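Those sequence lines, one after another, are chains E and D.
Heads up, the working numbering is the position in the first sequence plus 73, with the first residue counted as 1.
Heads up, the working numbering is the position in the second sequence plus 107, with the first residue counted as 1.
Calculated directly from the structure, the hints in this document are not laboratory data.
In this text, all values refer to a predicted model and were calculated from it rather than measured experimentally.
Don't take every hint at face value.
Distance condition first, Cα-Cα at most 27 Å in a straight line; then the derived DSS-like pairs of lysine-lysine [to be verified]:
1. K165/D to K169/E
2. K95/E to K149/D
3. K122/D to K164/D
4. K113/E to K112/D
5. K206/D to K125/E
6. K114/E to K112/D
7. K92/E to K149/D
8. K113/E to K178/D
9. K206/D to K114/E
10. K92/E to K206/D
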Amino acid sequence: ETGVTQTPRHLVMGMTNKKSLKCEQHLGHNAMYWYKQSAKKPLELMFVYNFKEQTENNSVPSRFSPECPNSSHLFLHLHTLQPEDSALYLCASSPKQEGGYTFGSGTRLTVV
Amino acid sequence: QQQVKQSPQSLIVQKGGISIINCAYENTAFDYFPWYQQFPGKGPALLIAIRPDVSEKKEGRFTISFNKSAKQFSLHIMDSQPGDSATYFCAASIGGFQKLVFGTGTRLLVSP
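Take the sequences, apply the hints, and build the full model.
Listed below in structure tokens is the structure:
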């Protein structure tokens with residue numbers, strides 16, 4: 074384990090469902106991120122949180138709704154998704170000082 | 108301007124050979140250039156990183172070469188091993204480690 078835990082590992086949901094992805098880190102990091110990883114595309118930054126405050130929303134559709142209740146937990150609430158939203162969703166955290174990102178293992182999402 | 112272009116898309120190298128992956132960027136404000144390694148079913152993991160004040164950084168068999176004037180940087184894996192088979196991503200950011208912009212990835216296969 075890297076210190077960043079994501080659940081569930083796999084998720085299949087219908088287009089009318091509502092589900093949530095969870096990310097947890099106990100590394101003492103101050104920033105947390107959601108990235109989307111699709112085949113043959115660069116990792117796409119979705120949201121950035123610094124000290125629980127959202128500092129970046131990279132033009133993500135409103136069917137994705139992030140929540141950061143504290144600096145250790147990050148959620149991504151999903152509703153009325155489209156099949157093209159199927160991807161690997163990665164959570165990461167980073168310290169304020171140099172150290173780089175620590176990624177979780179991701180949630181493989183399939184929208185049917 | 109925010110893109111990082113990575114090549115090749117895939118690479119096959121014989122065991123013991125040198126693997127070379129290249130990245131190019133446009134935004135001269137980028138000041139942190141990490142490489143990440145991702146195995147199937149895992150999130151990316153930080154491999155090695157460089158800042159533009161040095162032209163080369165070496166850690167074990169992994170070396171980053173950085174050419175500031177050409178706005179290019181590359182990853183060299185010496186004595187490549189089958190265990191190095193993974194997808195490698197270059198990335199860049201401004202002001203440290205937040206909001207990393209990733210390349211599209213290179214799938215490396217080291218044949219025994």
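Verification of the supplied hints:
1. K165/D to K169/E: holds, 24 Å
2. K95/E to K149/D: The given pair, whose Cα atoms are some 16 Å apart, holds under the 27 Å limit.
3. K122/D to K164/D: holds, 23 Å
4. K113/E to K112/D: holds, 13 Å
5. K206/D to K125/E: holds, 16 Å
6. K114/E to K112/D: holds, 11 Å
7. K92/E to K149/D: Holds - the C-alpha atoms of K149/D and K92/E are around 22 Å apart, at most 27 Å.
8. K113/E to K178/D: holds, 23 Å
9. K206/D to K114/E: holds, 17 Å
10. K92/E to K206/D: holds, 26 Å
Of the numbered hints stated above, none is contradicted by the structure.
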